[in-house]
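S.K.: Could you put the whole structure together from the sequences, leaning on the hints where they help?
Order-wise, the sequence lines are chains A and B.
According to the numbering used here, the residues represented by the first sequence are 152 to 418, in order.
According to the numbering used here, the residues represented by the second sequence are 159 to 446, in order.
Because the hints were derived from the structure by calculation, they are not lab data.
The C-beta atom is built at its ideal place from N, Cα and C for all residues, glycine as well.
There's no promise every hint is true.
What the hints assert, rightly or not - Computed list of lysine to aspartate or glutamate pairs in DMTMM-like fashion (alpha-carbon distance at most 25 Å, straight line): (1) B:K274 / B:E319; (2) B:K164 / B:E189; (3) A:K331 / B:E292; (4) B:K238 / A:E341; (5) A:K350 / B:D258.
To be verified - Derived contacts from chain B toward chain A, CB cut-off under 8 Å, selection only: (6) F247; (7) H252; (8) F265; (9) Q270.
What follows is the residue order along each chain.
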Amino acid sequence: MLKEMTLGQYYPVDSFLHGLDPRTKLASTMLYIISLFLANDFRGYLLAFLFLILCVKASNVPAKYILKGMKPILFLMMLTVVLNLFLTGGEPVLFRWYFIRITAPGARLAVFMALRLIFLITGSSLMTYTTTPTALTDGMEKGLGFLRVFRVPVHEIAMMMSIALRFIPILAEEADKIQKAQMARGANFEEGGVIARAKAMVPILVPLFISAFRRATDLAMAMEARCYHGGEGRTKMFPLKYHRCDYIAYAFVFLYMAIIIVLCFVK
Amino acid sequence: MPIEMKQVNFLYQAGTPMEVHVLTDVNLKIEKGEFIGIIGHTGSGKSTLIQHLNGLLRASSGQVLMDGEDIFADGYDRRKLRGRVGLVFQYPEHQLFETDVLTDVCFGPKNQGFSKEEAEKKARAALDMVGLPESFYQRSPFELSGGQKRRVAIAGVLAMEPDYLILDEPTAGLDPGGRDEILGVLKDLHKKQGIAVILVSHSMEDVAQTVERIIVVQNGHIAYDAPPREVFRHYKELESYGLSAPQVTYIAHALREKGIPVDPDVTTVEEAKQSILHALSGKGGSVC
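M.R.: Printed below as a string of structure tokens:
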């Protein structure tokens with residue numbers, strides 16, 4: 152059940168995007184998201200779309216795989232579109248039927264909102280498709296290292312994040328195993344009302360929590376045994392370093408940002 | 159009333175770059191009342207194989223037949239099937255969740271639709287079969303020892319009164335005492351209750367002395383399917399699969415190389431002893 156979720160799961164192939172430094176990808180994704188909120192006409196969205204297509208091409212992740220990953224958020228998107236379409240006021244009114252009316256600004260907003268959501272999710276999931284969770288937290292730790300001046304425990308937060316990320320597939324697998332074990336004992340997870348289904352989760356959740364706690368204490372013990380004492384003086388096995396391709400990527404992203412800003416202010 | 163697997167293939171994460179071909183053209187027939195050992199190296203596909211037998215995994219192609227009926231056909235009651243083909247997962251104690259032992263064992267029969275009284279009766283019978291006395295019934299499953307927890311978990315499946323009992327590595331992580339306990343329980347179940355027991359393991363020693371038939375799984379194929387002594391004849395091939403024959407097999411072969419005519423097909427220590435004594439007396443006591 153959880154294994155079928157492709158949204159945001161690392162996709163192991165070789166590509167230009169896979170080879171980039173995680174900091175480059177993090178910064179670029181941030182800038183791309185900002186650009187989506189700056190863009191306010193079709194020219195801007197077209198450019199954002201073209202840039203996205205370029206990135207998808209450079210990532211070697213099949214478009215079909217990306218589209219499949221969008222499925223879980225389809226409902227959210229529909230809801231946004233419908234709300235924007237029907238609840239936006241203004242002139243001129245394009246369509247009226249009893250209390251339902253669609254206005255030109257409403258239609259415009261609905262389309263832009265949908266595009267913005269699609270681009271936003273594709274863009275940010277492209278980052279996680281091409282970056283392993285470990286690399287991502289490494290990138291965050293290094294990229295946000297300056298925050299240490301303000302007494303933000305950057306290393307500890309990054310470590311917690313990487314542990315949490317590392318545990319997601321483990322716990323998903325464990326949940327899958329426990330579910331199967333309970334199914335082998337005749338448990339039924341597919342039928343019944345909301346309450347019956349919620350009750351059916353107890354035989355999965357109790358063992359899952361127990362195993363999560365057991366794993367957590369084991370891990371803490373193992374870290375202690377290896378003298379882990381936080382980030383101070385800790386060195387990396389693979390220190391992050393910018394390469395030529397990172398500078399090329401940055402150049403591209405800045406160029407894109409510049410055009411978006413120009414388009415935004417020049418009508 | 160056999161379970162049959164016909165040309166079963168299973169692909170994991172089909173259609174993604176992570177795709178793995180786990181089972182390839184598996185053909186298998188298990189009769190009622192058999193005592194089978196399934197052995198294979200870690201990752202050989204044996205756990206995947208057994209999950210097909212009660213319909214937890216769906217074959218990518220091929221058929222699984224229970225009494226001649228396709229268990230993946232529409233409308234086939236797979237929950238009822240799971241009551242007949244009991245599957246005990248690896249580390250089954252990790253699935254315990256109730257506040258006391260008896261209630262936990264009742265979970266299976268209750269799911270089958272039995273009333274509280276009937277479920278409790280079946281639970282008591284199952285706990286009796288695995289050798290847990292009444293003093294355990296009201297205790298929390300989480301305060302028991304490893305071997306006891308495992309017996310509770312096995313009872314949880316037995317309470318559904320299956321015709322077939324499949325156990326994935328039932329002795330993993332237990333000390334020798336706990337291991338012998340579990341294997342003893344399984345032998346009893348087979349002998350006294352007539353339940354077909356299918357034991358998945360990578361330990362030859364466990365399997366050699368208990369089962370009547372061994373199925374060796376290698377890379378998703380069935381490499382051998384024969385009685386123990388025949389399978390262990392291929393001990394050299396087994397080694398190349400990362401498995402090994404029981405120690406006595408090696409001793410018997412080593413003795414033969416030294417010119418002592420022992421039976422090379424011995425699988426248990428007792429048989430080996432008899433064979434060695436026989437060979438020595440045949441030589442007129444010229445050795446030692």
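S.K.: Each hint should be assessed against the structure and marked as holding or not.
M.R.: Going through the hints against the structure:
{"no.": "1", "hint": "B:K274 / B:E319", "in the structure": "16 Å, holds"}
{"no.": "2", "hint": "B:K164 / B:E189", "in the structure": "15 Å, holds"}
{"no.": "3", "hint": "A:K331 / B:E292", "in the structure": "29 Å, violated"}
{"no.": "4", "hint": "B:K238 / A:E341", "in the structure": "15 Å, holds"}
{"no.": "5", "hint": "A:K350 / B:D258", "in the structure": "18 Å, holds"}
{"no.": "6", "hint": "F247", "in the structure": "5 Å, holds"}
{"no.": "7", "hint": "H252", "in the structure": "6 Å, holds"}
{"no.": "8", "hint": "F265", "in the structure": "6 Å, holds"}
{"no.": "9", "hint": "Q270", "in the structure": "5 Å, holds"}
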